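Construct the entire structure; sequences and hints are all you get.
Spelled out from the first residue to the last, the chains are:
Protein chains: 2
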Amino acid sequence: MKILITSGGTTEKIDSVRGITNHSTGHLGKKIAELFLAKGHQVTLVTTKAAVKPEPKENLKITEITNVESLLETMEPLVKEHDVLIHSMAVSDYTPVYMTSFNELENSEDFTEFLNKSNSESKISSASDYQVLFLKKTPKIISLIKQWNPNILLVGFKLLVNVSKEELFEVARTSLKRNQADLIVANDLSDISANQHIAYLVDEQSQEKVSTKSEIAQALFERICHD
Amino acid sequence: MKILITSGGTTEKIDSVRGITNHSTGHLGKKIAELFLAKGHQVTLVTTKAAVKPEPKENLKITEITNVESLLETMEPLVKEHDVLIHSMAVSDYTPVYMTSFNELENSEDFTEFLNKSNSESKISSASDYQVLFLKKTPKIISLIKQWNPNILLVGFKLLVNVSKEELFEVARTSLKRNQADLIVANDLSDISANQHIAYLVDEQSQEKVSTKSEIAQALFERICHD
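These protein sequence lines map, in sequence, to chains A and B. Under the working numbering, the first sequence has 44 at position 47, and the numbering climbs by one with no breaks. Under the working numbering, the second sequence has 193 at position 196, and the numbering climbs by one with no breaks.
These are computed hints drawn from the structure, not numbers from a lab. Do not rely on the hints blindly, as some may be mistaken.
The list treats identical chains as interchangeable, and a pair is accepted whether it falls inside one copy or across any two copies.
Using 30 Å as the maximum straight-line C-alpha spacing, the simulated BS3-like pairs for lysine-lysine come out as follows [stated by the list, open to error]: (1) K162 <-> K10; (2) K36 <-> K162; (3) K50 <-> K210; (4) K206 <-> K36; (5) K36 <-> K134; (6) K133 <-> K36; (7) K10 <-> K46; (8) K10 <-> K137; (9) K114 <-> K137; (10) K162 <-> K114; (11) K(-1) <-> K114; (12) K77 <-> K133.
Quick caveat: nothing in here was measured; it's all calculated off a predicted structure.
As structure tokens, then:
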């Protein structure tokens, strides 16, 4: 099968020297890729410069992206030619629009003006004591996958922080329905450490608990290749 | 001599999954460290996890920091026990205070309230179309160096983007005076590429032009060890 995997975290530029990054090392995506590669599948890994990556292999293609815009452009053709997407990348929810001083905010009569502005400076000045950064929502790539390819098997990821299991499952099932995903890997940052990565493979009826990155990879392989 | 070098870029957390990063690979700091190590000096490198680093050596100590707060804590004792500081790290100018929806901003009667708020959520919700992030200035570490150790030789760095040489030199000399620095390495992002790194070693009277990272390291070594 042709497996498309995303890993790492996107960075949205504030200016030419600063950006907002979603932290993700890429270790989980690497583990998943390595398992499918070892089983003889063709893997395309869409990842970032900073993320860890598998060793080069004949059946592995790696493509690097930076921000949501470049991810979107890269994904559309790839989604159309793969059988499975395992979308473990941490994608930025918001991207910077305009950064200004607190004074400019106080002197404004209509803040919506800031949503249509953009910074002309290459490096935003650091003169004022406080600054205000306006951000807008990025396109939700996961919601476009089944439009691009209704036959692809879609595995999404949901990372929350310090929530109850009930809330985690509920949010995962909302994402499952909204994005027509086949499976959501739901996890809580507080359950992830060097040697542990508790996660739940959530579908409409069930939630399967696994406890390490290797177990997540193994469980995904079994669901995808043996179901 | 005991040489303290900083490299890489700091990251200021927005929440537990997102942060604002000053991009810096650490290549220049690595080059400078390697030259001083090769000449038999004792080097302490304060850097970040993501930055490239020299190979381990007997006369090299490496300390990793994350944000401006941890840099500040780490630097004070180190500055007191070194002869030279080469401060090439890209340090965040601002750190997040509070992130909220555009609606909350529109409904506010006094925006200064946002400067005293903080997010209670571990991961800020991504429900609204626009968000607003309030940031405050970080302490300027370079301005504290000579207070901590009046005898240290201080080399600062100034990176601007797309400015004239006159502006670059003026900003460098302002930093020289304000921070009681002995030398400022002034450079423009538009003059930096894979094989080129144009920079000017600026003091009160002169500006010495160099064109690569190796030349920057060599010129710094000559100024520091032969003057």
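Tested hints:
1. In the homo-oligomer, the alpha carbons of K162 and K10 lie at most 30 Å apart only across protomers (26 Å), although the nearest pairing inside one protomer, at 34 Å, exceeds that limit.
2. For the homomeric pair K36 and K162, neither the shortest alpha-carbon distance inside one copy (33 Å) nor that between copies (58 Å) is at most 30 Å.
3. Proximity of K50 and K210 under a CA criterion of 30 Å is satisfied in both settings, with 15 Å inside one chain copy and 28 Å between copies.
4. For the homomeric pair K206 and K36, the shortest alpha-carbon distance inside one copy (23 Å) is at most 30 Å, but the shortest distance between copies (56 Å) is not.
5. In this assembly of identical chains, K36 and K134 lie within 30 Å of each other by CA distance neither inside one copy nor across copies; the values are 38 Å within and 52 Å between.
6. Proximity of K133 to K36 under the C-alpha cut-off of 30 Å is found in neither arrangement, the shortest distances being 41 Å within a copy and 51 Å between copies.
7. Taking identical chains as interchangeable, the C-alpha atoms of K10 and K46 lie at most 30 Å apart whether they share a chain (15 Å) or sit on different chains (20 Å).
8. For a Cα distance limit of 30 Å, the shortest separation of K10 from K137 qualifies both inside one copy, at 18 Å, and across copies, at 23 Å.
9. In the homo-oligomer, the alpha carbons of K114 and K137 lie at most 30 Å apart both inside one protomer (23 Å) and across protomers (29 Å), since each shortest distance falls under that limit.
10. Taking the shortest alpha-carbon separations for K162 and K114, only the inter-copy value of 29 Å comes in at or below 30 Å, while the best intra-copy value is 41 Å.
11. In the homo-oligomer, the alpha carbons of K(-1) and K114 never lie at most 30 Å apart, since the shortest distance is 43 Å inside one protomer and 48 Å across protomers.
12. In this assembly of identical chains, K77 and K133 lie within 30 Å of each other by CA distance solely inside one copy; the values are 28 Å within and 45 Å between copies.
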